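Trainee: Take a look at the letters that make up each chain.
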Amino acid sequence: MSSFIWNEDVINEIRARGETGAPRVRGFGANRILPTLDALTILPSQLAGKMPIDFPRENISTEVVIGEGREDVSKPIKIKTPVYISGMSFGALSKSAKMALAMGAGIAGSMTNTGEGGTFEEEKETADKWGAKFVVQWSTARFGVSASYLNSGDAIEIRIGKGAAPGLGGYAPAEKISAEIARLRGIPYGLPAVSPNRHLDIEETNDLRRHILLMREVVDYKLPIFVKIGAGRVYEDVRAAIAAGADAIVLDSSQGGTGSTVEVVSEHAGVPLLGMFAPAMRAFKETNAKENGVRLLVSGGIRNGADVYKALALGADAVGLGTAVLISAGCYVCQECHLGKCTIGLATQDPKLESKLDWKNAGERIGRFISSITEELKLLCALSGHASVRELTTEDLRALTYDAAAITGIKLIGYDQQLPMWTY
Amino acid sequence: MPEALVRTKDINNALKNYIATKYSDPSKHAKPPKISNLSGQDCIAVGISKNVVIFIEGNAGDYFGALNAGASIRLTGNAGKFLGDTMTAGEIIVKGDVMHGLGAFMSGGTIVVKGDAGGRVGIMNRGGSILVHGSVKNYTGLYMMAGDIIITGNVGEHTGHWMMRGSIYVGGDIGSLGTNAKEGTMTEADKKKLSELFKKYGIDENPELLSTYKKIEPEKYAAFPEPEYEKVLLKGVRA
Numbered sequence: 000m001s002s003f004i005w006n007e008d009v010i011n012e013i014r015a016r017g018e019t020g021a022p023r024v025r026g027f028g029a030n031r032i033l034p035t036l037d038a039l040t041i042l043p044s045q046l047a048g049k050m051p052i053d054f055p056r057e058n059i060s061t062e063v064v065i066g067e068g069r070e071d072v073s074k075p076i077k078i079k080t081p082v083y084i085s086g087m088s089f090g091a092l093s094k095s096a097k098m099a100l101a102m103g104a105g106i107a108g109s110m111t112n113t114g115e116g117g118t119f120e121e122e123k124e125t126a127d128k129w130g131a132k133f134v135v136q137w138s139t140a141r142f143g144v145s146a147s148y149l150n151s152g153d154a155i156e157i158r159i160g161k162g163a164a165p166g167l168g169g170y171a172p173a174e175k176i177s178a179e180i181a182r183l184r185g186i187p188y189g190l191p192a193v194s195p196n197r198h199l200d201i202e203e204t205n206d207l208r209r210h211i212l213l214m215r216e217v218v219d220y221k222l223p224i225f226v227k228i229g230a231g232r233v234y235e236d237v238r239a240a241i242a243a244g245a246d247a248i249v250l251d252s253s254q255g256g257t258g259s260t261v262e263v264v265s266e267h268a269g270v271p272l273l274g275m276f277a278p279a280m281r282a283f284k285e286t287n288a289k290e291n292g293v294r295l296l297v298s299g300g301i302r303n304g305a306d307v308y309k310a311l312a313l314g315a316d317a318v319g320l321g322t323a324v325l326i327s328a329g330c331y332v333c334q335e336c337h338l339g340k341c342t343i344g345l346a347t348q349d350p351k352l353e354s355k356l357d358w359k360n361a362g363e364r365i366g367r368f369i370s371s372i373t374e375e376l377k378l379l380c381a382l383s384g385h386a387s388v389r390e391l392t393t394e395d396l397r398a399l400t401y402d403a404a405a406i407t408g409i410k411l412i413g414y415d416q417q418l419p420m421w422t423y
Numbered sequence: 000m001p002e003a004l005v006r007t008k009d010i011n012n013a014l015k016n017y018i019a020t021k022y023s024d025p026s027k028h029a030k031p032p033k034i035s036n037l038s039g040q041d042c043i044a045v046g047i048s049k050n051v052v053i054f055i056e057g058n059a060g061d062y063f064g065a066l067n068a069g070a071s072i073r074l075t076g077n078a079g080k081f082l083g084d085t086m087t088a089g090e091i092i093v094k095g096d097v098m099h100g101l102g103a104f105m106s107g108g109t110i111v112v113k114g115d116a117g118g119r120v121g122i123m124n125r126g127g128s129i130l131v132h133g134s135v136k137n138y139t140g141l142y143m144m145a146g147d148i149i150i151t152g153n154v155g156e157h158t159g160h161w162m163m164r165g166s167i168y169v170g171g172d173i174g175s176l177g178t179n180a181k182e183g184t185m186t187e188a189d190k191k192k193l194s195e196l197f198k199k200y201g202i203d204e205n206p207e208l209l210s211t212y213k214k215i216e217p218e219k220y221a222a223f224p225e226p227e228y229e230k231v232l233l234k235g236v237r238a
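In the order they appear, the protein sequences are chains A and B.
The first sequence begins at 0 in numbering that gives the first Met the number 0 and counts up by one.
The second sequence begins at 0 in numbering that gives the first Met the number 0 and counts up by one.
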C-alpha cells in the first residue's frame, strides 16, 4: 500500500540525501502545488456593463509604455505587447539561446533582458535588427557591467533578487565558465562565477536611491530604471523600491524558474504569483505610484493569455515570461539546466549541444508564441468589453475559490462580493 | 563652486558639457569646470569614458567616480562610501579620507587614496589596483578575484576573506586574515611593482621598507568557494 506522504519521490529523495549528504540542486522552479491564477475567472460582458468588442474587426490596444510621465526619464520604453522576456543570462543559457530570445522579442514587438552576466555583441545586434527593446541587468556581482553596457540598453534592471532563489547568490563552477564568458563577465578564466546573495554596496533603502541616481547620471536621465524583487515581504519591498525612485518594479514570484537553485528554496521560499498583487497594489495606492508613472511588472509562472489578462487586471502593467518562452523554443522541462547538458542547445555551453539549436527557428517560435499570447489577451479583452489592456481592473475577475478570494480580495463567484475581511 | 552647481545633476552636467565640447570641437580649447566646495553630493563624476583630467575640491558623498571608464579624477577632500564602485578604467586620486567600500566591484583602473579608508576595500575586485597611503578597517579584499590592493598602513580583521586571486600588500599591522587568505612571500617583482606605483603617485615610502611589507594571497588558487560549495551544494547536483 502506497502512502500519500511517503510517496516514491519523497523516498527516493531521502535515500539520495543519504548518499550525498547535501540538499538537492536542480534547474527550473517550484513543482509543488501552489495557488495559481487558475483560481480566478474572467467575466465576459453580456448585457450589464460594457458591450463586448468585435475583435478583430475592432481594435484592441496592447501597447505599454514604461517610464512615461517620469521626470528623470527622457526615453520611455515602448513595447507593442505587455508580454516580455524576463532576464536570463548568457552562461545559464547558450549564446544561440540568447540570440533566439532577442529575435523572438523583436518579432513580437517586445523586450528582452540580458540577465546577469553582461551581454555580447551579437545579442545586442540581434535585438536591434529585429527591433527588440533591450533591458540590461545590474546584478549583485556586476559581471560584465560598465558605463557603456548600461548605455547600450533601453532600460536598466537593478536585480535585488529573483523568485526562484530569493536571498541566494549564484554559483557557476569554473568548468562551466568558458573563456568567452569569463571575458564578458570580466573575471579571470579558470575561476568559478560567484554572485553574492545581495548587493554588497546597497546596505539600506537610501543606497538603492543612490544607485538609481548613479544609473540616471551614467545614462544621462534617459532610460527607465527597473528594480526586480523576488516576492517575499511584497508590500514593504514595493514601498521601499518606490521610495528609492524606481520607474518600474518587477515582482518575480516564487513560481519563477532559474538555471540552477537549491530545491528547498524554490519549493518553500517566497510568495506565489496569486499572492503578490494585493500587497503590491496596496503599496502603489498608498504612494500614488501609478499616478506618478511607476509601473508594475510581474513574472514567475505566467503561461498563457489568460494568465496575462488576470495579472493585468490585478494591477500589473506588463508580464514577464521565462520558462514558457524556453518551452516555446523547444525546452521539454527535464529540469536539468544546472547540468549544462541541455540536449536542445538552450541551457549549455557545450558547442556540440549548442549546435543542435537552430536559433533563428527558435527565435521565430518564441516570437510566434508571444504573439499568440497577445492575441489571446486581445480576445479576452474584447469579450470583457475593453478596447485597451490598460482598462482591465479587478472588477473583470471573480475568484473561483474561497482561498483565492481571501488572498486577492477579488469577489467570490456566487457570493459575488469581496469576502468580509476585505471590506473592513 | 558657482551657486547653480549644488545638485549632483548640475555638477555632473557641467562636467559632461566640458567633455562634450572638448571632444566635439577641440578648437574651442574647453576648460574644465571649477568644482570646489563640494559638500557631500552623491554620485559625482560617474561613468566618464573619456580620457580627461578632472579636479574637484571639497567633500564628496557616496559613489564618487563610480563606473569611471577612462577619466583621471582628482579629489582634494574626503569622500563617502563606495568611491570608484564598479570602475573599469582610468584613475581616481584622493587627498583625504574615504569611507567603506572603496573600489568595490572594480575591474580595471587605479584608485589612490592619500589618507585612511573604512572597511571592505576592494570587495569583489576583478582587476583594478587600489593604493591606500594610510590605514583601513576590516574585510579588505573580500571576495576579490584579481588585481592588487596596497595598504601602506594597518589593515583590520578578516583581511582577504574568501579571496580567490589577486594580492593584498600591507605595510603596517594586520588585524587578522580571513578564510582562504594566507601570508605569502614578497618577491622582487612585487617590490618593483609597488615601488613604481609609489613613484608614479608621489607616495613617499622608504624603498627599504618594502622588504617589511606583507603580501596576502589566497590559500588555494581558484579555490573559493568551490570546496565549500562542493560540500554543500554540488553534491546535491544530480540528474
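Quick caveat, the hints were computed from the structure, so don't treat them as lab data.
All of these numbers come straight from a predicted model, not from anything done at the bench.
Using N, Cα and C, we set each Cβ at its ideal position, and we do this for glycine too.
Misleading hints may appear alongside valid ones.
Computed spacing ranges between beta-carbons, pair by pair [as the list claims (entries may be wrong)]:
| hint | chain 1 | residue 1 | chain 2 | residue 2 | range |
| --- | --- | --- | --- | --- | --- |
| 1 | B | 31 | A | 234 | 45 to 51 Å |
| 2 | A | 166 | B | 16 | 41 to 47 Å |
| 3 | B | 181 | A | 178 | 24 to 30 Å |
| 4 | A | 196 | B | 20 | 40 to 46 Å |
| 5 | B | 152 | A | 179 | 53 to 59 Å |
| 6 | B | 153 | A | 196 | 40 to 46 Å |
| 7 | B | 16 | A | 202 | 28 to 34 Å |
| 8 | B | 22 | A | 178 | 44 to 50 Å |
| 9 | B | 184 | A | 360 | 54 to 60 Å |
Trainee: Take a look at whether the Cβ-Cβ distance between residue 152(B) and residue 179(A) falls inside 53 to 59 Å.
Mentor: violated, 40 Å
Trainee: Return holds or violated for the Cβ distance of residue 184(B) and residue 360(A) against the range 54 to 60 Å.
Mentor: holds, 57 Å
Trainee: Quick check: does the Cβ-Cβ distance between residue 181(B) and residue 178(A) fall within 24 to 30 Å?
Mentor: Given range 24 to 30 Å: holds, Cβ gap about 28 Å.
Trainee: Please check whether residue 153(B) and residue 196(A) have a Cβ separation lying inside 40 to 46 Å.
Mentor: Given about 30 Å between the Cβ atoms, the range is violated.
Trainee: Please test the hint of 41 to 47 Å on the beta carbon pair from residue 166(A) and residue 16(B).
Mentor: For residue 16(B) against residue 166(A), whose Cβ atoms are near 43 Å apart, the range 41 to 47 Å holds.
Trainee: Starting from the hint 40 to 46 Å, judge whether the C-beta atoms of residue 196(A) and residue 20(B) obey it.
Mentor: At 44 Å between Cβs, range holds.
Trainee: In this structure, is the beta-carbon distance linking residue 22(B) and residue 178(A) contained in 44 to 50 Å?
Mentor: violated, 34 Å
Trainee: Using the C-beta atoms of residue 31(B) and residue 234(A), is the stated range 45 to 51 Å upheld?
Mentor: holds, 47 Å
Trainee: Starting from the range 28 to 34 Å, see whether the pair residue 16(B) and residue 202(A) falls in it by beta-carbon distance.
Mentor: For residue 202(A) against residue 16(B), whose Cβ atoms are near 33 Å apart, the range 28 to 34 Å holds.
This entry does not satisfy hints 5, 6, 8, going by the numbered hints stated previously.
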